[in-house]
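Participant: Residue numbers (our numbering), protein chains in the order written: chain E, 1 to 294; chain L, 1001 to 1221.
Treat the hints with caution; some may be incorrect.
In the SDA-like style, the derived pairs of lysine to any residue whose C-alpha atoms are separated by at most 20 Å in a straight line are [what the hints assert, rightly or not]: (1) L:K1141 / E:D122; (2) E:K118 / E:I56; (3) L:K1201 / E:N144; (4) L:K1206 / E:V120; (5) E:K226 / L:V1170; (6) L:K1072 / L:F1060; (7) E:K118 / L:S1204; (8) E:K177 / L:P1200; (9) L:K1205 / E:N82; (10) E:K118 / L:S1132; (11) E:K177 / L:Q1196; (12) E:K118 / L:C1134; (13) E:K118 / L:A1116; (14) L:K1205 / E:D122; (15) E:K226 / L:S1171; (16) L:K1206 / E:D122; (17) L:K1005 / L:G1035; (18) L:K1076 / L:V1103; (19) L:K1193 / E:L170; (20) L:K1201 / E:D80; (21) L:K1201 / E:D122; (22) E:K226 / L:N1164; (23) E:K118 / L:M1133; (24) E:K118 / L:K1206; (25) L:K1193 / L:I1139; (26) L:K1206 / E:R83; (27) L:K1180 / E:N163; (28) E:K2 / E:L64; (29) L:K1205 / E:L84; (30) E:K177 / L:K1141.
Think of the hints as simulated: they come from the structure by calculation, not from any bench.
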Amino acid sequence: MKRLKEALEAGEFTITAECGPPKGTDIAEMLEHARHLLGKINAINVTDNQSAVVRIGSLPVCRLLSEMGHDPIFQLTCRDRNRLAIQSDLMGAHILGIKNVLCMTGDHVAAGDHKTAKPVYDLESVQLLQTVAALNGGHDLAGNEMKGATNLYQGAVVTPEANPIEPQMLKFEKKVKAGANFFQTQAIYDMDNFKRFMDRARKYNVKVLAGILLLKNAGMANFLNKFVPGITVPQELIDRLKAAGKEGALECGMDIAAEQVRIIKEQGIADGAHVMAIGLENKVPEILKRAGIA
Amino acid sequence: MIVSKAKERQDVINMLEGVKSVFLLGCSECATLCGTGSPEALAEMKESLESIGKKVTGTFVAKTGCQVLGTKVELKANKEEVDAADAILVMSCGAGTQSMVEVFKDKKVYPANDTAFLGNMTRFQHFDERCSMCGECIIDKTGGICPVTTCPKGILNGPCGGTNNGFCEVSPDIECAWAKIYARMERTGELEKMRQIIPPKDYSKKLSPKVFVIEKKKEEK
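The task is simple: from the sequences and hints, build the whole structure.
Facilitator: Here is the structure:
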């Protein structure tokens, strides 16, 4: 398998998946899931205290996955670090052999399990992208010369189903300007809407991986619709999951995910897919198989 | 104005443990508008404290409690009442309270209020935070709406993925600052400006404690 950058630059349909470090030091299960994905995906995201819930840091887990043979994508948020910590983590990522960084502002602490924490947000996603660009150029954010630059392939996120969409598109444009090479999108389900988004995104010289979130059952779909901004699961898919019953719901969800990946690949809608299975990473190879990706 | 909220009465009573007599000081500016330092609020506090056996030696509503010298001069008329009190309970913002700390070097001074934020009164006694006094105003670039204050993440370059039909993922009561900024800049014909990347803020401008001295202009000849 080509690494993320090589695959995208070669114009190959690129697959990334995601793994979330656990809370606590027992990482056996997470590593086992990641092992299932070896040779099946181009790169693997490691989340950074996702949903503002305290977990093992992204960076050490990236290193472990790199040793396993993966090409990790270091997710880096601005919620927990000021600009000093961000820059030292970025340099740290480089010396640990991490090649990719995904720059995000980060979920607010109000969403997480330490609601009384002080959120940092010294920088935000656009400025974080600029920071990576500066370090890649051999200078820190204050303009000081570095002894050895970083060489990080930088990505960002975008929400194609955000409402309103226009301010989101302006921010997308800023992220491109700030140096984003690739985008991984929030979960998309409405393919027509996603095509409209891609028609606009294609005007920029960036790669886009469509976010595919595995639906485990109808309850999860309803939860997403109710509580997660920027994700809309169409009623038709909810009906399919319901019809599949308790036993068949996950299989049905895997079928739906596989169909989405297949459509995006066959119709050339995006440059790849980012498959999020949230704890069921071991199902990703089967989803890819059903999507017709060897 | 500076928005202040009255502390829980029990917290005030706990604060005054061992204090037998108090002088109450309010403020005719923000704290009066907030109802936390008005003549009525002082009268209510007086009654409340007297009901639990505290002596209230006097009450006074300062014109502008954060004005140290002015308040010091005003309080000369109340000298005996202040001298007779074990402590001064200040019903204004934290600045007004600390004016008293400065004026009365040897007197206990306690706050009756919590100082909340710089607020706009948008309806009677309804306050919204619009400005967080960051020391570096950028709202010329954001349609006059401050994202530093009104976006919970203080994002300077557009909405995050949590923008939710004009509201914020952090709370359904908060409007998305960037949805508002976009809508307003569209109306004012300034959307082009919104394409500029706003650089990281200079937090050295926010370092406390701050001092600001207006220099006297030299007289022109």
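Participant: Hint by hint, say whether it matches the structure.
Facilitator: Tested hints:
Distance restraint check for K1141 (chain L) and D122 (chain E): the Cα-Cα separation of roughly 19 Å lies within the 20 Å cut-off, and the hinted pair is therefore satisfied. For the proposed pair K118 (chain E) and I56 (chain E), the alpha carbon gap of about 19 Å is at most 20 Å, so the pair holds. Under the criterion of a C-alpha separation no larger than 20 Å, the hint pairing K1201 (chain L) with N144 (chain E) is consistent with the structure, at around 18 Å. Of the supplied pair hints, the one linking K1206 (chain L) and V120 (chain E) holds, its CA atoms being roughly 14 Å apart against a limit of 20 Å.
Using a Cα cut-off of 20 Å, the hinted pair K226 (chain E) and V1170 (chain L) holds, with the two alpha carbons roughly 14 Å apart. Between K1072 (chain L) and F1060 (chain L) the alpha-carbon distance is near 12 Å, which keeps this suggested pair within the 20 Å criterion. Proximity of K118 (chain E) to S1204 (chain L) is assessed by CA-CA distance (about 19 Å); at most 20 Å being required, the pair is judged to hold. Of the pairs offered as hints, the one joining K177 (chain E) and P1200 (chain L) holds, with about 15 Å between alpha carbons and a cut-off of 20 Å not exceeded.
A threshold of 20 Å between alpha carbons decides the hint, and for K1205 (chain L) with N82 (chain E) the separation of about 16 Å falls inside it, so the pair holds. Between K118 (chain E) and S1132 (chain L) the CA atoms are separated by roughly 16 Å; this keeps the pair inside 20 Å, and the hint holds. Distance restraint check for K177 (chain E) and Q1196 (chain L): the Cα-Cα separation of roughly 10 Å lies within the 20 Å cut-off, and the hinted pair is therefore satisfied. Between K118 (chain E) and C1134 (chain L), the direct Cα distance comes to roughly 17 Å. Compliance with the 20 Å bound is thereby established for this hinted pair.
Taken as a hint, the K118 (chain E) and A1116 (chain L) pair is honoured in the structure, with Cα atoms around 17 Å apart against an allowance of 20 Å. Under the criterion of a C-alpha separation no larger than 20 Å, the hint pairing K1205 (chain L) with D122 (chain E) is consistent with the structure, at around 13 Å. Between K226 (chain E) and S1171 (chain L), the direct Cα distance comes to roughly 14 Å. Compliance with the 20 Å bound is thereby established for this hinted pair. Between the alpha carbons of K1206 (chain L) and D122 (chain E) the distance comes to roughly 12 Å, so the proposed pair stays at or under 20 Å and holds.
A threshold of 20 Å between alpha carbons decides the hint, and for K1005 (chain L) with G1035 (chain L) the separation of about 8 Å falls inside it, so the pair holds. Taking the CA atoms of K1076 (chain L) and V1103 (chain L), the gap is about 11 Å. The hint holds against a cut of 20 Å. Distance restraint check for K1193 (chain L) and L170 (chain E): the Cα-Cα separation of roughly 11 Å lies within the 20 Å cut-off, and the hinted pair is therefore satisfied. Only pairs whose Cα atoms come within 20 Å are accepted, and K1201 (chain L) paired with D80 (chain E) is accepted, the gap being roughly 17 Å.
The straight-line distance between the Cα atoms of K1201 (chain L) and D122 (chain E) is roughly 8 Å, inside the 20 Å bound, and the hint therefore holds. Of the supplied pair hints, the one linking K226 (chain E) and N1164 (chain L) holds, its CA atoms being roughly 11 Å apart against a limit of 20 Å. A hinted pair counts as satisfied when its Cα atoms are at most 20 Å apart, and K118 (chain E) with M1133 (chain L) qualifies at roughly 18 Å. Taking the CA atoms of K118 (chain E) and K1206 (chain L), the gap is about 17 Å. The hint holds against a cut of 20 Å.
For the suggested pair K1193 (chain L) and I1139 (chain L), the alpha carbons sit about 11 Å apart, so the restraint of at most 20 Å is met. For the hint linking K1206 (chain L) to R83 (chain E), the alpha-carbon distance of about 16 Å falls within 20 Å, and the restraint holds. Proximity of K1180 (chain L) to N163 (chain E) is assessed by CA-CA distance (about 12 Å); at most 20 Å being required, the pair is judged to hold. Distance check on the hinted pair: K2 (chain E) and L64 (chain E) sit about 19 Å apart at the alpha-carbon level, within 20 Å; holds.
Only pairs whose Cα atoms come within 20 Å are accepted, and K1205 (chain L) paired with L84 (chain E) is accepted, the gap being roughly 18 Å. Restraint check for K177 (chain E) and K1141 (chain L): satisfied, since their Cα atoms lie roughly 18 Å apart, inside the 20 Å limit.
No hint from the list above goes unmet by this structure.
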